[in-house]
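A.B. asks: Hey, can you work out the whole structure from these sequences and the hints?
First to last, the protein sequences are chains C and E.
For the first sequence, my numbering gives the first residue as 140, with consecutive numbering after it.
For the second sequence, my numbering gives the first residue as 140, with consecutive numbering after it.
Some hints here could point you the wrong way.
Copies of the same chain look alike in the list, so a pair counts if it works inside one copy or between any two.
Cross-link-like lysine-lysine pairs, in silico, PhoX-like; alpha carbons within 25 Å at most [as the list claims (entries may be wrong)]:
#1 K337 / K219
#2 K337 / K473
#3 K337 / K261
#4 K200 / K369
#5 K261 / K418
#6 K219 / K350
#7 K473 / K369
#8 K261 / K369
#9 K228 / K350
Please keep in mind that the hints were generated in silico from the structure rather than gathered at the bench.
If you want the building blocks of each chain, they are given just below.
Protein chains: 2
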Amino acid sequence: MPDSNRRSLTLSIDAMGGDHGPPVTVAGAEIALGRVAAHDLRFQLHGDEAAIEAELARRPKLRPVVTVHHTDKVIGGEEKAAQAVRRGKGSSLWNAIEATRSGGADAAVSGGNTGALMAISKLILRMAGGLDRPALAASWPTLRGISVLLDAGANIESDAAQLVQFAIMGEAFYCAVHAEPGQTVRVGLMNVGSEDEKGRDEVREAAAILKDGGIDLHYHGFVEGDDIAKGTVEVIVTDGFTGNVALKTGEGVARFFAAELREALTSTPLSTAGALLAKGALDRMRARLEPPGGAPLLGLNGVVVKAHGGGAAHSFADAIKIAADLAASDYAAKTAANMQRLTAALTAAEPASETIQ
Amino acid sequence: MPDSNRRSLTLSIDAMGGDHGPPVTVAGAEIALGRVAAHDLRFQLHGDEAAIEAELARRPKLRPVVTVHHTDKVIGGEEKAAQAVRRGKGSSLWNAIEATRSGGADAAVSGGNTGALMAISKLILRMAGGLDRPALAASWPTLRGISVLLDAGANIESDAAQLVQFAIMGEAFYCAVHAEPGQTVRVGLMNVGSEDEKGRDEVREAAAILKDGGIDLHYHGFVEGDDIAKGTVEVIVTDGFTGNVALKTGEGVARFFAAELREALTSTPLSTAGALLAKGALDRMRARLEPPGGAPLLGLNGVVVKAHGGGAAHSFADAIKIAADLAASDYAAKTAANMQRLTAALTAAEPASETIQ
Numbered sequence: 140m141p142d143s144n145r146r147s148l149t150l151s152i153d154a155m156g157g158d159h160g161p162p163v164t165v166a167g168a169e170i171a172l173g174r175v176a177a178h179d180l181r182f183q184l185h186g187d188e189a190a191i192e193a194e195l196a197r198r199p200k201l202r203p204v205v206t207v208h209h210t211d212k213v214i215g216g217e218e219k220a221a222q223a224v225r226r227g228k229g230s231s232l233w234n235a236i237e238a239t240r241s242g243g244a245d246a247a248v249s250g251g252n253t254g255a256l257m258a259i260s261k262l263i264l265r266m267a268g269g270l271d272r273p274a275l276a277a278s279w280p281t282l283r284g285i286s287v288l289l290d291a292g293a294n295i296e297s298d299a300a301q302l303v304q305f306a307i308m309g310e311a312f313y314c315a316v317h318a319e320p321g322q323t324v325r326v327g328l329m330n331v332g333s334e335d336e337k338g339r340d341e342v343r344e345a346a347a348i349l350k351d352g353g354i355d356l357h358y359h360g361f362v363e364g365d366d367i368a369k370g371t372v373e374v375i376v377t378d379g380f381t382g383n384v385a386l387k388t389g390e391g392v393a394r395f396f397a398a399e400l401r402e403a404l405t406s407t408p409l410s411t412a413g414a415l416l417a418k419g420a421l422d423r424m425r426a427r428l429e430p431p432g433g434a435p436l437l438g439l440n441g442v443v444v445k446a447h448g449g450g451a452a453h454s455f456a457d458a459i460k461i462a463a464d465l466a467a468s469d470y471a472a473k474t475a476a477n478m479q480r481l482t483a484a485l486t487a488a489e490p491a492s493e494t495i496q
Numbered sequence: 140m141p142d143s144n145r146r147s148l149t150l151s152i153d154a155m156g157g158d159h160g161p162p163v164t165v166a167g168a169e170i171a172l173g174r175v176a177a178h179d180l181r182f183q184l185h186g187d188e189a190a191i192e193a194e195l196a197r198r199p200k201l202r203p204v205v206t207v208h209h210t211d212k213v214i215g216g217e218e219k220a221a222q223a224v225r226r227g228k229g230s231s232l233w234n235a236i237e238a239t240r241s242g243g244a245d246a247a248v249s250g251g252n253t254g255a256l257m258a259i260s261k262l263i264l265r266m267a268g269g270l271d272r273p274a275l276a277a278s279w280p281t282l283r284g285i286s287v288l289l290d291a292g293a294n295i296e297s298d299a300a301q302l303v304q305f306a307i308m309g310e311a312f313y314c315a316v317h318a319e320p321g322q323t324v325r326v327g328l329m330n331v332g333s334e335d336e337k338g339r340d341e342v343r344e345a346a347a348i349l350k351d352g353g354i355d356l357h358y359h360g361f362v363e364g365d366d367i368a369k370g371t372v373e374v375i376v377t378d379g380f381t382g383n384v385a386l387k388t389g390e391g392v393a394r395f396f397a398a399e400l401r402e403a404l405t406s407t408p409l410s411t412a413g414a415l416l417a418k419g420a421l422d423r424m425r426a427r428l429e430p431p432g433g434a435p436l437l438g439l440n441g442v443v444v445k446a447h448g449g450g451a452a453h454s455f456a457d458a459i460k461i462a463a464d465l466a467a468s469d470y471a472a473k474t475a476a477n478m479q480r481l482t483a484a485l486t487a488a489e490p491a492s493e494t495i496q
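C.D. replies: As structure tokens, then:
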């Protein structure tokens, strides 16, 4: 990246979010500081000052680029979204989001309660132009590298227009955060078969718009569940119900496989010896198979990244890196441009077509 | 199983279905003959007589319990369901299904084209009393043993009543084929959260009926994607779109993991040596993680099991064993009894409730 693109980025962190709070979130900020070399990072840490300062005291490199924003209000992990919206004002999560609107932060990161994070983010930041619903975009390791699946659970149903919007947002996100220079970023629609006539109405309608809707992206066609891990496309678009089930199913199978492998490699003296010899290779494999620890909530006027609530510091650092890359990118402009192309195409098509609404 | 339950079962096999035809289907029948000890199996093999006889010639134990039913008509793997129904009469797949209606067979097994198998089975066998739609029931290995997921793709949408029917059929199937004596068979509804108010309307409505609908089964509540591999419940109920995506996502992740493991264990001389030492344990793990090779199409007046089209002979034998166990069980009576209970409860509830239709 040329130096002219170098930016000073301020990230507002919900230091209390997630299962572990400051020991993980502050440590994660320190790791991210070392990992994001392309930009100058600064952090706002929102939460209990004493707990945060205790962590900062041991981190002299991090201290100078941090401001601490005290609050003793925290949204609980089990709190319902509606309740969190009612009583959440002034909480560490709320303040971290609010800082991206009015407090000089370029992006927010929280490992807190997903429902509360979505509801409060939507309330404070509002949807960006023309977009109906936010979408959670989860990144997965695949045979070919990394793919992004959205919506991973921000919604429970999605019509054709929303699926198309997810495609636009997901492609712009992939380009901003994961794509290598010159990489073709292909978008696939999740379905139960690859033939044109297969699947639900909204999926087939979305496919028609993605093919002919004047949008600037590489639409691949329908994909199926096993295409996620194959890496057939870089961006997989589906409704939030299916996406959430697929994501959790995949995570569950991966954990099951890992547990069985551990069991197999400690089941006999021979296999234990074998595991010892292969330890380096197996550790590299485990690292490669671990999904990045952050999923952005796309579609808002601002960058919000959900960190894995149970994740370790390096996982929280993933989320910070995604937030920084997204904030420094042309994601918002690219999404807006494609939304304009889509609106223009749909408006032009309206008199001639009854299938596109 | 007491001897009084011993039955003579005739299985009609689509010998031409799947990627390999008789070399796999006939070999699979031989393996199943050794594996199903509780019943006396006989086979009708439908397909090309010469190809089938060539395989039988090498299998003297199988030969006496087989009759060959020649046809040179085969439904192609890529043939559309509607076309298969139009021109499929007299094909090996058609004849195998027809034999369960009028040809003295107790159950049919085919590794052919799933769409064609479903359409032809439905046409020939019709839905069993009170059931709206067939469902494919896939069996998965889990941390705790085995679980069944349905619908794995026979439908693309399902309303609340259909989800409840899937629960009834799935539980009866699990009891017939997988349950140990005395095992509690729990049924879960797939959702995106475990709280009552979460998820799509049809899922919440189905939950209400399963809780209070007078059905004789152990309803656990909502489950999420990662509960599949955990084995939280024995039977997972979902619509065919979500089920198909979840199943294929899980298969894809398992294959990806296996490929990465192979890669890791051949990446260095040390890891290769380690893999050699651990080979026995790793082979046992692989066998344990392989899903059974057959998924019944439930809900019809007859037993039809879809074998994995690309599977090997032992996988085809799994499908035959499932067909035999199902045919010998009280699955049909149990399903019918629960459907009667459901109808009675819904009829009684009708004047008082508007949510149950």
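A.B. asks: Indicate, hint by hint, whether the structure satisfies it.
C.D. replies: Against the structure, the hints:
1. K337 / K219: between (37 Å within a copy, 11 Å between copies)
2. K337 / K473: neither (31 Å within a copy, 34 Å between copies)
3. K337 / K261: between (34 Å within a copy, 19 Å between copies)
4. K200 / K369: This pair counts as neither: shortest intra-copy Cα distance 40 Å, inter-copy 42 Å.
5. K261 / K418: Close neither inside one copy (45 Å) nor across copies (52 Å); limit 25 Å.
6. K219 / K350: Cα proximity of K219 and K350: across copies only (24 Å, versus 39 Å in one copy).
7. K473 / K369: neither (27 Å within a copy, 41 Å between copies)
8. K261 / K369: neither (33 Å within a copy, 33 Å between copies)
9. K228 / K350: neither (43 Å within a copy, 38 Å between copies)
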